[in-house]
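Asks: Sequence:
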Amino acid sequence: MEGNYNKIFLAKGNVPAESYNFFIDILLETVRDEIATCLEKAYRKISAHEATRMLNLPNQTAIKDYGSKKNWTLGRDNYYTFGVEEKKSEEALPSTELIEQVIEYARELEMIV
1 MEGNYNKIFL
11 AKGNVPAESY
21 NFFIDILLET
31 VRDEIATCLE
41 KAYRKISAHE
51 ATRMLNLPNQ
61 TAIKDYGSKK
71 NWTLGRDNYY
81 TFGVEEKKSE
91 EALPSTELIE
101 QVIEYARELE
111 MIV
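65 is the number that the numbering used here gives to position 65 of the sequence shown; each next residue is one higher, with no gaps.
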């Protein structure tokens, strides 16, 4: 896949039959959701205008509806902010035990050779 999502959005007006529109709409929504997920990960905040352009939405009303669907927060400065999820490590790594085990493996390997 070459990553040119613009071609998918342009294909909407160039379907071979009317029945294809159902599948194209599903594909467009899936692509838009994937781009939105990437936006959430790549940016802490993004302007509504830029999000409209990146998601290929027709106007500011559409981005407001889409943003509310995705639970994005629109600030007074007209920027969307995304909640930052920080993954916490569940347990500390037992580094001393790992070091002792690696040294023991090295000794055993030395005896074999």
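Hints in this document: simulated from the structure, not taken from any laboratory. These numbers come from a predicted model, not from an experiment. Glycine included, every Cβ here is placed at the ideal spot set by N, Cα and C. Certain hints may be false.
[Unchecked claim] Label-pair restraints from in silico Cβ distances:
{"no.": "1", "residue 1": "ARG53", "residue 2": "TYR20", "range": "52 to 62 Å"}
{"no.": "2", "residue 1": "HIS49", "residue 2": "VAL15", "range": "47 to 57 Å"}
{"no.": "3", "residue 1": "THR81", "residue 2": "ASN59", "range": "44 to 54 Å"}
{"no.": "4", "residue 1": "ASN59", "residue 2": "ASP33", "range": "26 to 36 Å"}
[Stated by the list, open to error] Derived lysine to any residue pairs resembling SDA-like cross-links, with alpha carbons at most 25 Å apart:
{"no.": "5", "residue 1": "LYS45", "residue 2": "PHE23"}
{"no.": "6", "residue 1": "LYS7", "residue 2": "LEU74"}
{"no.": "7", "residue 1": "LYS69", "residue 2": "ALA92"}
{"no.": "8", "residue 1": "LYS69", "residue 2": "PHE23"}
{"no.": "9", "residue 1": "LYS70", "residue 2": "MET111"}
{"no.": "10", "residue 1": "LYS69", "residue 2": "TYR79"}
{"no.": "11", "residue 1": "LYS70", "residue 2": "ARG44"}
{"no.": "12", "residue 1": "LYS70", "residue 2": "THR37"}
{"no.": "13", "residue 1": "LYS41", "residue 2": "PHE22"}
{"no.": "14", "residue 1": "LYS12", "residue 2": "TYR43"}
{"no.": "15", "residue 1": "LYS70", "residue 2": "ARG53"}
{"no.": "16", "residue 1": "LYS12", "residue 2": "TYR79"}
Asks: For each hint, tell me whether it holds in the structure or not.
Replies: Comparing the hints with the structure gives:
The supplied range of 52 to 62 Å is broken by ARG53 and TYR20, whose beta-carbon atoms lie about 26 Å from each other. For the pair HIS49 and VAL15, the supplied restraint of 47 to 57 Å is violated, since their beta-carbon distance comes to about 29 Å. For the pair THR81 and ASN59, the supplied restraint of 44 to 54 Å is violated, since their beta-carbon distance comes to about 21 Å. Taken as a hint, the range 26 to 36 Å is violated for the pair ASN59 and ASP33, whose Cβ atoms sit roughly 19 Å apart.
Only pairs whose Cα atoms come within 25 Å are accepted, and LYS45 paired with PHE23 is rejected, the gap being roughly 32 Å. Restraint check for LYS7 and LEU74: the C-alpha separation of about 29 Å exceeds 25 Å, so the hint is violated. About 37 Å separates the Cα atoms of LYS69 and ALA92, which puts this hinted pair outside 25 Å; it is violated. With a C-alpha separation of about 21 Å, the suggested pairing of LYS69 with PHE23 holds against the 25 Å cut-off.
Between LYS70 and MET111 the CA atoms are separated by roughly 60 Å; this puts the pair beyond 25 Å, and the hint is violated. Between LYS69 and TYR79, the direct Cα distance comes to roughly 16 Å. Compliance with the 25 Å bound is thereby established for this hinted pair. Between LYS70 and ARG44 the CA atoms are separated by roughly 15 Å; this keeps the pair inside 25 Å, and the hint holds. Restraint check for LYS70 and THR37: the C-alpha separation of about 9 Å stays at or below 25 Å, so the hint holds.
Distance hint between LYS41 and PHE22 is unfulfilled; the C-alpha atoms sit about 29 Å from each other, more than 25 Å. In summary, the hint linking LYS12 to TYR43 is not supported, as the alpha carbons are separated by about 28 Å, beyond the 25 Å threshold. The straight-line distance between the Cα atoms of LYS70 and ARG53 is roughly 17 Å, inside the 25 Å bound, and the hint therefore holds. In summary, the hint linking LYS12 to TYR79 is not supported, as the alpha carbons are separated by about 29 Å, beyond the 25 Å threshold.
The structure does not agree with the numbered hints 1, 2, 3, 4, 5, 6, 7, 9, 13, 14, 16 stated previously, though it agrees with the rest.
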